[in-house]
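Student: Mind docking chain B on chain A? Use the hints.
In case you want the letters, here they are:
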Amino acid sequence: MASTYEKIATTTLGSAAADVTFSSISGAYTDLVLICSILGTSGVTSNVVTRVNGDTGSNYSSTYLYGTGSTAASGRQTNSTHIFIAQLNGYAVTNQPMPIIVNFQNYSNTNTYKTILSRGNSAGTDVMTDVGLWRSTSAINSITVKFDVGNLQSGSTATLYGILKA
Amino acid sequence: MLNTILGSFSTGVAPSTSSYESIATVTVGSGGATDVTFSSISSDYTHLQLRAIARTDQAVIPAELAITFNGVTSGYGRHTLFGTGTSVVADARSYSDPAYYLQMITGASAGSNTFGTVIMDILDYKNTNKFKTIRSLAGYDNNGSGYIFLNSTYFGSTNAISSMTIATQSGNFVQYTQFALYGIKGA
Numbered sequence: 001m002a003s004t005y006e007k008i009a010t011t012t013l014g015s016a017a018a019d020v021t022f023s024s025i026s027g028a029y030t031d032l033v034l035i036c037s038i039l040g041t042s043g044v045t046s047n048v049v050t051r052v053n054g055d056t057g058s059n060y061s062s063t064y065l066y067g068t069g070s071t072a073a074s075g076r077q078t079n080s081t082h083i084f085i086a087q088l089n090g091y092a093v094t095n096q097p098m099p100i101i102v103n104f105q106n107y108s109n110t111n112t113y114k115t116i117l118s119r120g121n122s123a124g125t126d127v128m129t130d131v132g133l134w135r136s137t138s139a140i141n142s143i144t145v146k147f148d149v150g151n152l153q154s155g156s157t158a159t160l161y162g163i164l165k166a
Numbered sequence: 167m168l169n170t171i172l173g174s175f176s177t178g179v180a181p182s183t184s185s186y187e188s189i190a191t192v193t194v195g196s197g198g199a200t201d202v203t204f205s206s207i208s209s210d211y212t213h214l215q216l217r218a219i220a221r222t223d224q225a226v227i228p229a230e231l232a233i234t235f236n237g238v239t240s241g242y243g244r245h246t247l248f249g250t251g252t253s254v255v256a257d258a259r260s261y262s263d264p265a266y267y268l269q270m271i272t273g274a275s276a277g278s279n280t281f282g283t284v285i286m287d288i289l290d291y292k293n294t295n296k297f298k299t300i301r302s303l304a305g306y307d308n309n310g311s312g313y314i315f316l317n318s319t320y321f322g323s324t325n326a327i328s329s330m331t332i333a334t335q336s337g338n339f340v341q342y343t344q345f346a347l348y349g350i351k352g353a
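Going down the list, the protein sequences come from chains A and B.
Residues in the first sequence are numbered from 1 upward in steps of one, following my numbering.
Residues in the second sequence are numbered from 167 upward in steps of one, following my numbering.
Check before you lean on any hint, since a few could be wrong.
DSS-like cross-link-like pairs, simulated, lysine-lysine; straight-line CA separation at most 25 Å [what the hints assert, rightly or not]:
hint, chain 1, residue 1, chain 2, residue 2
1, B, LYS351, A, LYS7
2, B, LYS292, A, LYS165
3, A, LYS165, B, LYS351
Derived from the structure by calculation, the hints contain no laboratory data.
Just chain A, with the same shape it has in the complex:
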């Protein structure tokens, strides 16, 4: 059988940037997997979020579960303009990246809304998992990752993979 887990693109930031966007994503796969190692701005508390297809409307929602080292909690976003994929409950720390994996399930299916599953950790402050919904039947053709406050710092990486089906 052929390999079915393919790298689509990788971005490594050489300087701070507002976001990383993968565009013109092929519809050839069943699922997409985004793997990030995100560096934040030292001293800034923020969340890593994702949007798709450039949609800035209130078409996203999510349910998440996280632990801070002393507390476990669950929260929700409703009619949001993005989906949380990792949160930083404390300040960002220099050289301490946030590892994040986001699964975009059946991203090219034009009959269903799109559901994502993510795991996003901030090694010094918390662990988090999230299920998110984009209320659109459009195929996902671009993905943006950013902080809700501040920039992605130099050295942040993001790699997009596609998973084929039999």
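Tutor: Frame of chain A; chain B shown alone:
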């Protein structure tokens, strides 16, 4: 290297992209389906991964998947940590269930076009010297309601897993429900 490191602790990532192969995919058609079975699963791999979106025609949500291996219909249980959007719950079912019940899917009372999803790893599925351990990340969001689940269970048999049947707690899977089974090779 990043992929290898992340693959060690997070569901949904193959340890090597060249060793991740599609075994079979089933997409439910317009008539719906009561269950989906993957049979004659090859022993060419080290681990299996199931990726799915699913919805039932029943109103109750969250609805449960009922997963059995090798036709065995007893001795299943699970441990779960889940979030409701407002609270965190730790839960367990004793190992006396007829199937591995995995809460994750939506039903007719959810918003249109909204499906639940799961990524399930079945580790060392062909090892005949130990029980098979299984973990999953699953959930759904319905814009104002939803659940996110971390599940762990085992299949209490030393037989290699060669088939897997996925049904619903009740009712049928609706059109566009999809189950895709992948194999992950060892070195």
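Student: Would you list, in rising numerical order, the hints stated earlier that this structure does not obey?
Tutor: none
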